[in-house]
Structures are given as C-alpha cells and as structure tokens.
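Chains A and B, in that order, are what the protein sequence lines are. Mapping to our numbering: the first sequence position 393 is 393, numbers consecutive. Mapping to our numbering: the second sequence position 95 is 95, numbers consecutive.
Wrong hints could be hidden among the right ones.
Identical copies look the same in the list; a pair holds intra-copy or inter-copy alike.
[Stated by the list, open to error] Distance condition first, Cα-Cα at most 25 Å in a straight line; then the derived BS3-like pairs of lysine-lysine: (1) LYS114 x LYS17; (2) LYS336 x LYS452; (3) LYS464 x LYS415; (4) LYS336 x LYS17; (5) LYS415 x LYS432; (6) LYS350 x LYS17; (7) LYS45 x LYS512; (8) LYS350 x LYS45; (9) LYS432 x LYS464.
Source of the hints: derived by calculation from the structure; they are not laboratory data. All values reported here derive from a predicted model rather than from experimental measurement.
Protein chains: 2
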Amino acid sequence: MYMTQSLHRSMQQRPDKIALRFNGQSTTYAEFGDRVARLAAALRKLGVAEGERVAMFSLNSARYIEYYMAVPWAGAVLNPVNIRWSAPEVIYSVNDCSTAVLIVDDPFVDIARKVAAACPSLRRIIYAGDGETPEGMLNYEALVADSEPMEDAYRHGDDLAGIFYTGGTTGVPKGVMLSHTNLVSSSCNQLMAGTLDEGTTMLHVMPMFHLACFASINGVFLSAGTHAVLRAFEPGAMMAAIAETSITHVLLAPTMIQMGLDWMGSNPGRAAHLDLTSLRSIRYGASPMTPTLMARTRATFPHATFTQGYGMTELAPVATLLGAEYHTDEAVATGKIHSVGRPVHTTEVKIVDEMGNEVPRGCVGEIAVRGPNVMLGYWNKPEATAEAIRNGWMHTGDGGYMDEDGFVFLMDRIKDMIVSGGENVYSAEVEKALVNHPAVAQCAVIGVPHEKWGEAVHAVIVLKPGATTTLESVRSHCREQIAGYKCPVSVDFREALPLSSIGKVLKNELRKPYWAQPA
Amino acid sequence: MYMTQSLHRSMQQRPDKIALRFNGQSTTYAEFGDRVARLAAALRKLGVAEGERVAMFSLNSARYIEYYMAVPWAGAVLNPVNIRWSAPEVIYSVNDCSTAVLIVDDPFVDIARKVAAACPSLRRIIYAGDGETPEGMLNYEALVADSEPMEDAYRHGDDLAGIFYTGGTTGVPKGVMLSHTNLVSSSCNQLMAGTLDEGTTMLHVMPMFHLACFASINGVFLSAGTHAVLRAFEPGAMMAAIAETSITHVLLAPTMIQMGLDWMGSNPGRAAHLDLTSLRSIRYGASPMTPTLMARTRATFPHATFTQGYGMTELAPVATLLGAEYHTDEAVATGKIHSVGRPVHTTEVKIVDEMGNEVPRGCVGEIAVRGPNVMLGYWNKPEATAEAIRNGWMHTGDGGYMDEDGFVFLMDRIKDMIVSGGENVYSAEVEKALVNHPAVAQCAVIGVPHEKWGEAVHAVIVLKPGATTTLESVRSHCREQIAGYKCPVSVDFREALPLSSIGKVLKNELRKPYWAQPA
Numbered sequence: 001m002y003m004t005q006s007l008h009r010s011m012q013q014r015p016d017k018i019a020l021r022f023n024g025q026s027t028t029y030a031e032f033g034d035r036v037a038r039l040a041a042a043l044r045k046l047g048v049a050e051g052e053r054v055a056m057f058s059l060n061s062a063r064y065i066e067y068y069m070a071v072p073w074a075g076a077v078l079n080p081v082n083i084r085w086s087a088p089e090v091i092y093s094v095n096d097c098s099t100a101v102l103i104v105d106d107p108f109v110d111i112a113r114k115v116a117a118a119c120p121s122l123r124r125i126i127y128a129g130d131g132e133t134p135e136g137m138l139n140y141e142a143l144v145a146d147s148e149p150m151e152d153a154y155r156h157g158d159d160l161a162g163i164f165y166t167g168g169t170t171g172v173p174k175g176v177m178l179s180h181t182n183l184v185s186s187s188c189n190q191l192m193a194g195t196l197d198e199g200t201t202m203l204h205v206m207p208m209f210h211l212a213c214f215a216s217i218n219g220v221f222l223s224a225g226t227h228a229v230l231r232a233f234e235p236g237a238m239m240a241a242i243a244e245t246s247i248t249h250v251l252l253a254p255t256m257i258q259m260g261l262d263w264m265g266s267n268p269g270r271a272a273h274l275d276l277t278s279l280r281s282i283r284y285g286a287s288p289m290t291p292t293l294m295a296r297t298r299a300t301f302p303h304a305t306f307t308q309g310y311g312m313t314e315l316a317p318v319a320t321l322l323g324a325e326y327h328t329d330e331a332v333a334t335g336k337i338h339s340v341g342r343p344v345h346t347t348e349v350k351i352v353d354e355m356g357n358e359v360p361r362g363c364v365g366e367i368a369v370r371g372p373n374v375m376l377g378y379w380n381k382p383e384a385t386a387e388a389i390r391n392g393w394m395h396t397g398d399g400g401y402m403d404e405d406g407f408v409f410l411m412d413r414i415k416d417m418i419v420s421g422g423e424n425v426y427s428a429e430v431e432k433a434l435v436n437h438p439a440v441a442q443c444a445v446i447g448v449p450h451e452k453w454g455e456a457v458h459a460v461i462v463l464k465p466g467a468t469t470t471l472e473s474v475r476s477h478c479r480e481q482i483a484g485y486k487c488p489v490s491v492d493f494r495e496a497l498p499l500s501s502i503g504k505v506l507k508n509e510l511r512k513p514y515w516a517q518p519a
Numbered sequence: 001m002y003m004t005q006s007l008h009r010s011m012q013q014r015p016d017k018i019a020l021r022f023n024g025q026s027t028t029y030a031e032f033g034d035r036v037a038r039l040a041a042a043l044r045k046l047g048v049a050e051g052e053r054v055a056m057f058s059l060n061s062a063r064y065i066e067y068y069m070a071v072p073w074a075g076a077v078l079n080p081v082n083i084r085w086s087a088p089e090v091i092y093s094v095n096d097c098s099t100a101v102l103i104v105d106d107p108f109v110d111i112a113r114k115v116a117a118a119c120p121s122l123r124r125i126i127y128a129g130d131g132e133t134p135e136g137m138l139n140y141e142a143l144v145a146d147s148e149p150m151e152d153a154y155r156h157g158d159d160l161a162g163i164f165y166t167g168g169t170t171g172v173p174k175g176v177m178l179s180h181t182n183l184v185s186s187s188c189n190q191l192m193a194g195t196l197d198e199g200t201t202m203l204h205v206m207p208m209f210h211l212a213c214f215a216s217i218n219g220v221f222l223s224a225g226t227h228a229v230l231r232a233f234e235p236g237a238m239m240a241a242i243a244e245t246s247i248t249h250v251l252l253a254p255t256m257i258q259m260g261l262d263w264m265g266s267n268p269g270r271a272a273h274l275d276l277t278s279l280r281s282i283r284y285g286a287s288p289m290t291p292t293l294m295a296r297t298r299a300t301f302p303h304a305t306f307t308q309g310y311g312m313t314e315l316a317p318v319a320t321l322l323g324a325e326y327h328t329d330e331a332v333a334t335g336k337i338h339s340v341g342r343p344v345h346t347t348e349v350k351i352v353d354e355m356g357n358e359v360p361r362g363c364v365g366e367i368a369v370r371g372p373n374v375m376l377g378y379w380n381k382p383e384a385t386a387e388a389i390r391n392g393w394m395h396t397g398d399g400g401y402m403d404e405d406g407f408v409f410l411m412d413r414i415k416d417m418i419v420s421g422g423e424n425v426y427s428a429e430v431e432k433a434l435v436n437h438p439a440v441a442q443c444a445v446i447g448v449p450h451e452k453w454g455e456a457v458h459a460v461i462v463l464k465p466g467a468t469t470t471l472e473s474v475r476s477h478c479r480e481q482i483a484g485y486k487c488p489v490s491v492d493f494r495e496a497l498p499l500s501s502i503g504k505v506l507k508n509e510l511r512k513p514y515w516a517q518p519a
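One chain only, chain A, in its complex shape (with noise of 0.2 Å):
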C-alpha cells in the first residue's frame, strides 16, 4: 500500500474527472497528477533524497494539496507545519528532524526567513505564493514548469511518508511518525464506512496541516472524488462556497458549524440566496454536537447526515466513528449520541486499567488502540514511543468507556482529570450537565487547586446573549443530574474560550492562572 496509488487509480480511471477546484479553477485528474509528478522531481532535483524532510507552512490551497501527493511521489517524508505556531516553534520542529526544504506562502514568509537563519538542515525554500518571490527563495510554479515528471518513487508500507507534529499546546511537541500503510488504512477504513464515494465533491475548510484535513483528502483521493478548497475557515466564505461548488461533504468542529449558522442569521440577506441542498454528509469531531445545534444544522442543510470521528494524530487520526445512524432521535433516546461511535473497520479498541488489563464494560479507564493505523513512534523519542504504544497497543491518555454494544463514551484525557477530595472527576461529566443550563452558551471544566481537597471543580462558563445566572444556580441544575461532589464550587463568566486552530478548547490556557506550574 502507499499513499500515491489513490492518484495513479484516479489518473488511470477518470483522467478529464476534475480532481480539484480552488478560487474559480479547476484542475483534472490527468493535470494534476502531470503537476504533482513534476513538483516531485523538482523536490529531487534540489536534492531531496529518500526519506528526508520537506515542510509545508501555508494556508489552504490547491498547491497545499500537491505538497501532499508530490513529497510522497519523490520518495521524501511529509512535514507539515502548524500555521498557529510561532517561529521558535517552527524552528524546534523543522531542527528536530532536520527538514531539508520548506514551502512557504505569503503569510508565513517572514518567520521562514527566522527558520532559515536557524536551522541548519534547511537548504531551500520554495515561495508558493502568487506574488512576486521573495529574495532568496525559488519559484514554486516555475520548478514545475522546469521539471519533467517523475516516476513514483513507490515508497510504500511500513515506509516512513510523514511526521506530523502534536502536542504544540502542552508541551514539547512531538513528531509522530506515520507509515504509508498508516494513511492508506485510514482512508480505507473512511470508505467501508460509506461516508465518501465517486460523487463527493468535499470541502476542506479546517487547517490542511492538520491530519484530520490531510486524511479527508486521501480519502477524497480514494474515492476517487472531487476537493474544493477554502483558503482559511470564515463562516460566510464558508456558506458561500458550499452553494456555489455544489460541496456534498465537510469536516468541521461543532464550533465552525456553530459559527456558519450564526452567520446565515445575521446575514439574512445573503443567506436567502444561498442553495445548501447539495451537502449531504457533515463530519465533525473534537467536540460532540448539543441536539440543539444538530437541530439548527438540519434546519440550514436539510439533506446533511452527521458522522463523528474520535482519534489523535498517532492513529492517522481515526479509532471510532459514530455514523449518520445513530444521530436520530432514537439514539438521543438510548444515550448513543453521547458515545464517539465504535470502532472503525480494521481498528480495535479496548479499556485497560493501569496494569493493561480490559476492565468490564461500562468502567472508565484508558482507550487502548491497535491496527494498521497506529503510527510508527514519535520521531527521535524511543522512550515516550515505547510509554505510548506497548504490546502493539496504542496508550491514548484518554479516559472512557465501552458500552454492551461496542460504543466508546469518552470522558478526559486522563491527566485532565480532576481528583477532588479522592474521588475522580471527569470533566466532560460535569459539562454535559452543565451545558443544559438554559442561560449557558458553551463551558470548560477544569480542577483548580484547592487546599483541602487537592483539586475543585472550576467552570468557565459562556453565557447565551442577554442571559445571566449565579454560582448557586449553576450548582442546584447540575446537583440534579450528577453527584455532589462533581458539581462546580466555583466559576468563571467570559466572553469566549480559547480555541485551537480545530476548535478544541484549550484548558491548559484556562488552568495556567491557577497553577504556577501549568500541568
């Protein structure tokens, strides 16, 4: 298996089928593919050798999607770059496995050259931009106009075909090292689950660096389906484009979907003319979906179904899926739209204790994972690869449960925990009681340090527009639904959450005010 073969399968079977339409163009699948085997012997041609490093720092684009399909073509490794980061950050990650050349567009020219000065490793970078190149970095059209494609280098399997990095907002970030296997698996695992096939025209709205939006795309690629790409998520961007390309399919954070709803109604104006019939499938994950905002999306996209995927970047990304069956009424009935789905085809998933055993059904305890997607090992970190992956077994650092059925209801990253008084606190408990309150709009729970008990329960609460509530209010509402000694003892009223760039919301930003040393 290796990443490539979605494209050669494409090219083979349905050469003039556009395979990708960004700002008004449109580009086939025999274009493409002549592009990306001309990108990749560029990349050869300024000595990129097998398996070294090429970085990405872009916002979305069609040439965002020819890095992903060229690096591989010429045998080199994936590193994509996280465009939240700072430059040290940049600077630690393109160090740490020594990236031999970096593509740059023009929002990120500037920390490029302080990642040039700094890293050693790095011997070209390539403008990717429309505007005029930057002193000292090479044409990226006029590399593949200048080149003549390439065989595929057919690096495959167990082969290395990216590091992508994690962990950016706790701590050093690590790379995590994924196979073409890897990938390949994880597309696959996407189309048994019937969510993709060859009328899909998908549109890719979240950060391409991040794994999430790059597995979409090789799943769109094994489809054989269609990418629409938007430059950077903005909701009434985002709206548009759906109307105007026709879009069946988008991954989204409930939090984006949010926002592209409230957008139609402060925009009602536009939003009238908008024909959103065409979507049909919405995939969203890092969060659930409150039945209310499901309610709201159906109103707006009344052919949309709803998958939600759970995973992490070292299970190329996904373990479970929750499918478009299981968001009726009657799953909101038997709690399963609470649970993250089951786990996908070729992936197994079980609950171990701390010693790694299963524990019984329905106990909390650490999601373990194994299958083909599990990733390779962190880049240069044999000791936390070997914490994290042991007897094939994939630690995720996730606490939850399994059902009778199959079904894995997530509760904390289990270092998120709250232990308060010796009892264990998990937040996301406390937010699903909590985000009923008719007057809360969004919340975070988080454990703030408390002499007596170790921890409290600490909410962050977003009040809906015009609404007020009190401590004592928030407490008697969620006193009814889940014990005492969950319930918040304090709380903080704010204007929004920290978000990161997929719509999770960062806790440790919360945390860091109370912890001298955040955790």
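With chain A's structure known, arrange chain B on it following the hints.
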C-alpha cells in the same frame, strides 16, 4: 491486520447477532467465537505449532467456517483441500506442505485414510461429520467441548495465513501462500466497493475450499453480516434456501445461475411458492453473463443487482470488479458490460508486453497486478514465484486490454491463445461472436493442430434444445463480426461442456484428444 480481527469486532460489538445459519440452526457471534477459540485451543493441544498447516477436506458446513477462523486464531496455517481431487492429488498437496492435521467429513473419510497412510507429516485426522467417529480419528465436537477457549495467537501482517492449491487441472498443483494482509486487504476492497454491509445475509453455495468462497466469507465477517451455508450446489436447494433464509447476497458462476433458473422452469409448482425478493446482490465470476441470462435472472430476482469479479488465487483473489452500475442497458450499449470492470481500490492493474512495459490503451498484452493482495509466493517454488512476481507485479498469464476509462477486457490465458498462420487469435473473441448464433447455447473455442497453419481455430458447441446448425452457418455468422482467420474451421457438437468446480470450462479436457501432449 489479521484475519480474525473481523470476528473479534463482531464479538465485541454485536455478540447477540446471528453469525451463521446452517441446517435450520442459528449461531450468534458470541457462540461462534467461543467455538472458534475452543477449536483453536484443541488444535494447539494436538501439538499444532505456530505456522503449521491444518487441512480441511469437506463439503460446505458451519464447521468449515469455524475451521477458517480457528486455524489462524491458533496461529496455524490454513490448507483447504479441493473436493474434486483424487487421493493422489490430495496426497501430493499434503506432503508438499507437510500438513500436520486433516479435518474431514463423511464423503472423504476413505480418501483421508489413504492420505494418512501416505503422508508422514500428518499426525492426526479429525472427523467433522455427524455420524460415528471412524476408528483412528478424533471427534470434532468432542475436541471443541473438551477445550477451554484460548487467546488469539495474533499472527498478522505478512505472516502466512494459508496455502491454497491452484492449477490442479493444468499440471502440478502449486501452493499459493497468502498472508493475513493479503486476505484482509481483499475483504477491505469488497467493502469499499459497497457490495457488502451489516444487513448482508450471504448464501455460501460455491465449494468452500475455493478462495472465491473463502474471500466472501471474510468479507461477510468484516461487514458484520450473517452467513448462510448450503452443503453443496444443487439448483432446487439453492432457490429454496434463498427464499427460506431471506438471502440478500450470493456468489455464483453464471452456469449455476442458469441451472437455478432452469430448475424454476422445470418445477413451476414449487417455484411459484418461493419469495425471492430478498436477494439484492449476485456476484459472479469465472465467465461473463449473457444479456439473455441477465434478463432472465432479473425477471426471477426483481431486486437483484450484478457484480462481476475477476482475479485468481494468487490475487487473494479479486483484481477488478464490474459494479452494478455497469450492468445496465447503457453499459451494454457502450460495451463496458463485456469488460471485467476496473481495478479495486487498493489494487493496481496494468497491461504489459513481454518486456514488462505498459502497452497503449486498447492493445492486448498480459494483465499484471500489484497491491497488498498479491500473494507472498508459491510454496517451495522460488523459481515459479520469481517468474510470476517481477518487480512487485504479479504476471497473471491472462491476456487482455484496458480501455481509456481503465476497464479491463479479458481475452485468454496467454498460453491458451491460438496462433494460426502466424496470427494471434483470442478464443474469447471468437466465443463472443459464436454465442450470438441463434442455435448456440454454449461454446468453447480451442486451437487444434494444423499442418500448414500450426494451429487451427476449432469450436465446441452445445446447441439450444431442438436447434440444429452447420459449420457453414457458424462460419458465415462469425465472419460478419470478426476477421476470416479468426473464424472456426471445424466444429464439434456436444451435449455439455466439461466444467471445473467453480463453473470454468476445462479447455484442457477439450484439447486432450487433439494433442499428444496436452498443453
């Protein structure tokens, strides 16, 4: 990836779902998995080591499916025996791969004794029938009852999963070594093609030793569907089983479908009471289906769609699929219906010349295949392996061409090609012309010795009931469709064509009388 993971998945997620129906009895996934783990333990207790071969010589049964899961669960290697084989052939294969244990049912007890006497590696024979256990054999049910379930041995990836003998009708049988990855990737391709789902109940009516049937079994396991088993093919029993167990999927050779429909015509009384509306998918292979047969089939199974597969044991076994969407009137008009479809998702196909270079689209060459489904090699036959797999590509020995859309059109086995007066004649092309003749029901075209031309085109024809025709009529009919040198110069009329266990015409049988040394 490992073969039994599909079973573990259903045991975890759907323990109470019916896994298997046979002889009026139903087994849940929990029960089935328990029996598999016990049988695996019994094999280990008998001294079967990891990687050792366990053979099965039986008609279809629930126990056959248990065997297929228990042997890999025990860490051993499958070696299913062709039920058409004579004692010397079975002895050859058991000695060839040093099989340790043989499981037999009633029809094969006598041959099994001869095999035991002639095969020093064979330590035990297990009787899997329902009668009294023959002397010197162990009882299958007693072994299952007396063993405690063992943990899965978890052989996986490139580990050998089974040895499947092929070519028994054309010279010395070769043991095709398939790995766990080979078999799982084949199942994944079935699911990605959308031909199987959780609602599948598949009737296994092809002989189970055959990889086509085994691959279907694996596909049903991965989709968490239900198996239904018919002991052997018999047209009336098959039609009754489809109605009585609400079969949704079936895999058949076109000749078997025809026999089923003929049975309906000859038994109108019984046929009238059968509800055949549950059947929604007919997978066929080995030979194409005529439009007439398709129309008759649709009239009988109103909800059935068709999928054609092409492959071979060495490809675990599927390389291409012609999906339901290419069994329409439009596909007849475009000619796509005459193809064997396009490469499956993770499998690559190219048409090559004698030097291994890809030929232009539309040109005939040898079909070559690469992907995770390509066998590890032939057991103990490194030369044959090196000849078949070159640069990672399995050279199938089948002739064919690919059109501009990636559809593969099968001609002949390269070695079955007729060379007449220096011209290459593909019997498939002649047969396609012949079968339209109003008097012809079935036909096969072979090369026979000719003093002047080397070989001459010879047709063997089965006439429609009551029909007659002449060589001249046949020739002039063909001449309207194909070049003169391709038209038959001689013809034989027969009652029936000799068929293999999966419905392939045995051309070697037809050739024998004409050649001193059969090709």
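Practice problem: Check LYS336 against LYS17 for me: Cα-Cα at most 25 Å, and say if that holds within a copy, between copies, both or neither. | Solution: between (39 Å within a copy, 18 Å between copies)
Quiz item: For LYS114 vs LYS17, is the C-alpha pair at or below 25 Å within one copy, between two copies, both, or neither?
Solution: Neither: 41 Å inside a copy, 60 Å across copies.
Exercise. Up to 25 Å between alpha-carbons, please classify LYS350 paired with LYS45: within, between, both or neither.
Key: Neither: 47 Å inside a copy, 28 Å across copies.
Self-check item: Alpha-carbon proximity between LYS45 and LYS512, which holds within one copy, between copies, both or neither at 25 Å
Solution: Neither. Shortest intra-copy (48 Å) and inter-copy (59 Å) distances fail the 25 Å Cα cut-off.
Practice problem: Classify it for me, LYS336 with LYS452: is the Cα-Cα distance of at most 25 Å met within a copy, between copies, both or neither? | Solution: The answer is neither: 37 Å in one copy and 76 Å across copies each exceed 25 Å.
Quiz item: How do LYS415 and LYS432 come out at 25 Å by Cα distance, when the copy is not named: within, between, both, or neither?
Solution: within (19 Å within a copy, 68 Å between copies)
Quiz item: Are the CA atoms of LYS432 and LYS464 at most 25 Å apart within a copy, between copies, both, or neither?
Solution: Within one copy only: 16 Å inside, 72 Å across.
Quiz item: Between the shortest in-copy and the shortest cross-copy C-alpha distance, which are at most 25 Å for LYS350 and LYS17: within, between, both, or neither?
Solution: between (42 Å within a copy, 20 Å between copies)
Quiz item: Are the CA atoms of LYS464 and LYS415 at most 25 Å apart within a copy, between copies, both, or neither?
Solution: neither (30 Å within a copy, 76 Å between copies)
The structure fails hints 1, 2, 3, 7, 8 (numbered hints given earlier, in ascending order).
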